Every structure is written in C-alpha cells, then in structure tokens.
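Asks: What follows is each chain in one-letter form.
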Amino acid sequence: MDPKMEPRHTIAIWVDNTPGVLSRVTGLFSGRGFNIESLCVAETMDPEVSRITIVSTGDEQITEQIIKQLHKLINIIKVVDLSELEHVEREMVLVRVKAEDKSRAEVLRIADIFRCRVVDVSASTYTLEITGNHDKIRAVLDLLKNHGIQEVARTGTLAIQRSKKE
Amino acid sequence: MKLTGAQILMKCLEREGVKHIFGYPGGVVLDIYDELARTPSIRHILVRHEQAAVHAADGYARASAQVGVALVTSGPGATNTVTGIASAYLDSIPIVVFTGQVPTGLIGNDAFQEVDIVGITRPCTKHNYLVKDVKDLARTIHEAFHIARSGRPGPVLVDLPKDVSQGSTAPKFPEVVKIKSYNPTYHANPRQVARALDMILRAQRPVLYTGGGIVLSDSSEDLYKFATSLQIPVTSTLMGLGGFPGDHPLWMGMLGMHGTYCANMAVSQADVLIAVGARFDDRVTGKLSEFAPHAKIVHIDIDPSSISKNVQVDIPIVGDCKDTLGQLNELLKDKPVRDWTELRRPWLDTVNGWSATHPLTYVWDDKVIKPQFVVEKLYELTQGEAYITTEVGQNQMWAAQFYKFRHPRRLMTSGGLGVMGYGLPAAMGVQMAKPDACVIDIAGDGSIQMNIQELITVVDNDLPVKIAILNNSFLGMVRQWQQLFYDRRYSATPMTAPDFVKLAEAYGAVGLRATKPEEVEPVIREALNTRRPVIMDFKVEPEECVMPMVPAGKAMHEMLLA
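The listed protein sequences derive, respectively, from chains A and B.
The first sequence begins at 1 in the numbering used here and counts up by one.
The second sequence begins at 1001 in the numbering used here and counts up by one.
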C-alpha cells in the first residue's frame, strides 16, 4: 500500500430499495467530505432490499463517523465495515489494450499469467476481462500500461464476508 | 369509504393531534386548502412568507413539546422553507413540513412552480418523502410524524403532488409505525451507565455540560436531581439553557465562545466532564485539542453519530437523556451515603471564586442605554417567567447571558444554523401554543428586518407578542468582529433601520421607544401591560461588545474579558 494513502475501508450497506436512497448515501459522503473510491449497487435476493458496496478512505475516526452517519439515514437497514472482518473482495475490469506485431504475444502472456479472459480481438488490440482484488487489478493494469491502454471500464469493488470456519 | 388525498391529510393531522398549521396557499395545494377550510378542529395561521411558517412551527414545537406543522405550495413556496427546515434540523426540532408539488405526470418536466424539494432538502431533513400514490398517503404521514418526534427529533418534509391530493382511495390508518430500518436507542446500556457513575463518583472536579437534549427529552428534573445529589456544577450550551435553573447556586452560566469565565474555566480544569444531550459544537469547544484537556469524558446522547464526532470520549452512552439520568439517579440510591456538600467544597469554592472574580457584567452609563441593561430589566420585570425568542447575533448572546432561564422550553433560538429573522415568527408559534403566556422576541435592528413582514400576521391573529429591539444601528456581532479582528473597518455593517415606532403603528401594533436608561423600565412596563403586539425600540450604545469572548479557534481559557 502507498504509505501516503489513508487506509481503505470496504463498507457493505443494505438499504430499502426505494427511489432516492442512493442519492441519500452519496449525498452524505459529499456533504460531509468523506471519500468514495468506488461504489456498486444492486438488488439482493429480496427485491425490496439493495446492497451497496462502498470503498472509502479515511482513518479510524472518519470511518466510525461514516458508519454512524449511514446508520442514521432512515432507509438504511444494516451497515458492515467488511475491512474489520475476514472477507473476499473482487473487482472486474474490461480493458482494451494495444497489441501490435511484437507485443501481441506478450499481452496474451500477461493475460494468461493473471488468468484474464480475452473477450474481444482486433488486428491491433485485445480486450481483456480481469477479475481480482484491488492489488491484482493494479498489478495487471501496471503491466498492460507499457503496451498502451486504450480504454478501461471497472465495476468497482464487491465484497462478501467469508463463512465462519467450522 | 373513499376519501380524497386532501381529506386523508386532514384526517391524519387530526389523528396526530394537530391543532395549528402555519402556512401559505398556492396553485397545487388548492385542494388541501379547500379541505382545511372545512376542518374546524385545525386552525390555519396565514403567514406572509413561507420561511416564517417553518420558524413558527419550530417555535410552536419547542414551546409545546408537540410536532409543529407547516404547509406551503410548490416551487418558491417550497424553496422558501429551506432555511427554516435547516434550522430545525441543526437544533433537532420536531416539525413536519408539507409542500405541494406539480402533478406526478409533470414531475421532471420543469413545470410551472416545479422544484425538486425532496432533492433540495435531503441533507437538511431527518427524512423526507415524495408521495406518488394516494394509497401511500396515510402511512407516509404517520411515518413522518413518528420520525419527526422520536429518537433525536428533527424536521421531516412530505411532498404532495397535486394529483395525490385530488386522487381518492379508501384509506387505512395504521395504528403503529414499523420502520424496520429505524429503531432509536432509548434505553442506555446499564453496564456503561454503571461504569460512568463509578467514574463520576471518583471525580474531584466534575462538571456537567448539558445541551438541547435535556430540553427535548424533558429531563430537566432528572438532571436537577443528579446534579444536586452529587453537588456537581452545571453549565450548558445555548440550546440547553433552562434545562437547569439559571438562578441555582450550582449553575455556572453558558459555556463556549460567549460563555461565562466560570463555565469555561471549570471545563478547562475539570477531571470528569459529563456531557448530556450536547454535541461539542465548535462554538462550545473552541480549539478542539485544548478542550477539557484534563478531563475524562462521559457522553450521553441518543444519536450515536454525535458521540466521538469532534472529541474522543472515554465512556460513550447511547440513550435518551431521561432514561440515562433516571438510571444514574436509581444507581445512586444503592451507593453509600456520603456528604457531597462537604466533599465537593474545594471544587465548588474554586468555581464560585471564578464567578465572583469574573461575573457577567457591563459598564453602566447614565446617558446611553446598555443593551445588557435592557435584557436585565426584561428578566426582572417578567420575574424570569417569559417565553423568550431571539434573533441572531449580539441580541441572542445578551439574551442568553442576562436572562436567567429557570425552566426548560422558555428559550427559542436558532442555535445551530443561526438564522437572523427567526425570532419574530418563532414568537408567533410560541404564542399560538401558549396563548396566555408573555412572549418576547429579543431582537436586533438588523435581524428584525429579515422577517418584519410577520408583524401583520401577529396583528391579524391578535397575538400579543412583544418585540424588544436592541437598536444599535449596526449589524452588531459582525461589527464586533470587525472591531476586534479587522481594525475597526466597518465594512457593510452600519445599517439604517426604519422608524420602528411608526412601522409598528402602520402595521396596527403598538410602538414604544426608549433613548435614555431611565426610559427603559417604563417602556417595558407599558409593553407588558398592553394586551396587543408591541415593538419596543431601545436605542442602545452602538459599539457595545458581547463579552467575554473566546476568539474563533482559540482555547476556552484564552478568553477576551472586556
């Protein structure tokens, strides 16, 4: 981790699936000056409940405030700081990278090493699908950067708590 | 039986016990106003600006401990309420604001008088609703009142599109509200309370620092019992004034930027600070790193997000002030009896020494009226029993310093947001809630002009509100900062005011003026004996400062004393 960076926290939020809830959550972050590094939202198995995963940066006190302030919103059912728990994180990235004559094989090799899938090919590019945690994604993108990245689309981090060991 | 949305709204208001609504009609609330005229149990007070409707509802709520209600139209009607809502939010005042909205089919089309008021007020309401279906109306209104008054209270806005008030359904009125994601914690964790009490009992120099939570939870008697049993000196925030009797020997006065020397020194020297229903606002703490540097801190608050927000506390207790103080008082009964008067003597001698050497004071002048003198006289001549509202600035601070509030819910002031123009409409609300009470707005010549139009509302409704203007021909508090920190460059603070006596008369109120100290008492007496709205125009010393003062960002013991 970059020493200058404040610690990252992955926070899972269960909310009523009603209009305006997302704007209440993001409004809280912007209004109180909290950072959002990434944000994902989708319905849960219960269509009345959505799950938001937010990655935020900040020290302990800021994170504590974020969680308390989130709890205070009426439509918020549950908030969990997954960083405090054993958990799994994944992010998916689609990246279109230049791959011409000399570099075509090298790009494929990188894709292979990091278990990326090639989802689209053209004469001068590959589009790769990369799935992994924050560190892996950064490692792949750093390597691909040398070959020329044309476009990136990222989902943002998703996370889930690990099941309790028997 | 089918009812229209407007009829359902009236039924819901009746069920919530609403007797008074402050409002202003308009295009999209015509159906609601039509129904209101046929609902004799609810009295509507027509204000002259929507901001005033919300402040009036706020004042009504504070004085009566009921939820205050405002009703306005869409667009500008709705945006005009924002200042009032934000003020109620920062002071945790339970109000419900109903705004009209364009018909659901037009929402998002930039229709005439359309504004996204739910979006605009999201950060300054406790919660808000846009009702899109008349079938949801009864439940939504019930939820709105429940949310406004429970937990840490606050404003709730309900946006009502015209087709929802016109539409009809056979409503179900729910008896109980269940919101699965909203369960405020009233009952404090007994183990935390016991830990806190142990710490308090071991303290040599304890201080109680109380806030608006004492007033809102009606726990001033519990506080009194706790403070007097253990002989702990008490200070409070602006919002907490009246929560502990202002003429009691344990009372140290308000703390913070314009707090007493005694209160600020006591907090700076305390070894245990017990914060009850207060939120460590910057106007209270001054420089955070030097706030209560020797103290272990116990913080009791119903809102967990208030705890350790600005100051790290040692024993956090999430719960209602009344419940928690009740538990503390119960636990005390089982503790060995000790002579607290004797044990506390060294600390109380120190505290009393501070208040004796540096009391709240001002320099008397034979020729010019001192504003503090006016407030002192108001206190004396009302025997401290009046309901006081204030505007914001010097008038507010002098009211807080020199009117000794003996009961809770007697001071209505825009503490958090600091709204100039709050006092007069709030006084209307208080007078509606307490028709026989003496209600006085302590105002400045600047602030009073921000909602002066409400004089006609007061006259119209025969509300005998008294307005005491401390008229210094300046925006006094800003001028004070310019004097102290900007080398007396009075940029945009000298201010011309109208002739308030003539103005009062033009509105049909009574106007009185005092220009010399000896005229102050006769003017106040005459006003108090008049069963009509009165403006008292006190021409006071123009360059008087509110003292003591902790300059912004300084530590509490670094007070300017004069």
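In short, the hints are calculated from the structure, not lab data.
These numbers come from a predicted model, not from an experiment.
Don't take every hint at face value.
Unchecked claim - Derived coverage of chain A by chain B (criterion: at least 3 residues anywhere in the stretch with Cβ under 8 Å from a Cβ of chain B; other residues may be distant):
#1 23–33
#2 63–70
To be verified - List of simulated lysine to any residue pairs, SDA-like, C-alpha gap at most 20 Å:
#3 A:K98 / A:L143
#4 B:K1554 / B:K1178
#5 B:K1539 / B:L1561
#6 A:K78 / B:K1178
#7 B:K1135 / B:P1103
#8 A:K68 / B:V1510
#9 B:K1539 / B:V1313
#10 A:K68 / B:Y1362
#11 B:K1178 / A:W14
#12 A:K68 / B:V1311
#13 A:K68 / B:P1103
#14 B:K1180 / A:A12
#15 A:K78 / A:L143
Note that the Cβ used here is the ideal one computed from N, Cα and C, for glycine as well.
Asks: If a hint holds in the structure, say so; if it does not, say that too.
Replies: Verification of the hints:
1. 23–33: It holds: at least three residues are needed, and the region 23–33 of chain A offers 5 whose Cβ sits within less than 8 Å of chain B.
2. 63–70: holds (count 4)
3. A:K98 / A:L143: 12 Å, holds
4. B:K1554 / B:K1178: 46 Å, violated
5. B:K1539 / B:L1561: 25 Å, violated
6. A:K78 / B:K1178: 16 Å, holds
7. B:K1135 / B:P1103: 15 Å, holds
8. A:K68 / B:V1510: Since the Cα atoms of K68 (chain A) and V1510 (chain B) sit roughly 51 Å apart, the hinted pair is violated (cutoff 20 Å).
9. B:K1539 / B:V1313: 46 Å, violated
10. A:K68 / B:Y1362: 44 Å, violated
11. B:K1178 / A:W14: 18 Å, holds
12. A:K68 / B:V1311: 15 Å, holds
13. A:K68 / B:P1103: 36 Å, violated
14. B:K1180 / A:A12: 18 Å, holds
15. A:K78 / A:L143: Answer violated: K78 (chain A) to L143 (chain A) is near 39 Å, above 20 Å.
Violation of the numbered hints given earlier is confined to hints 4, 5, 8, 9, 10, 13, 15; the remaining hints are satisfied by the structure.
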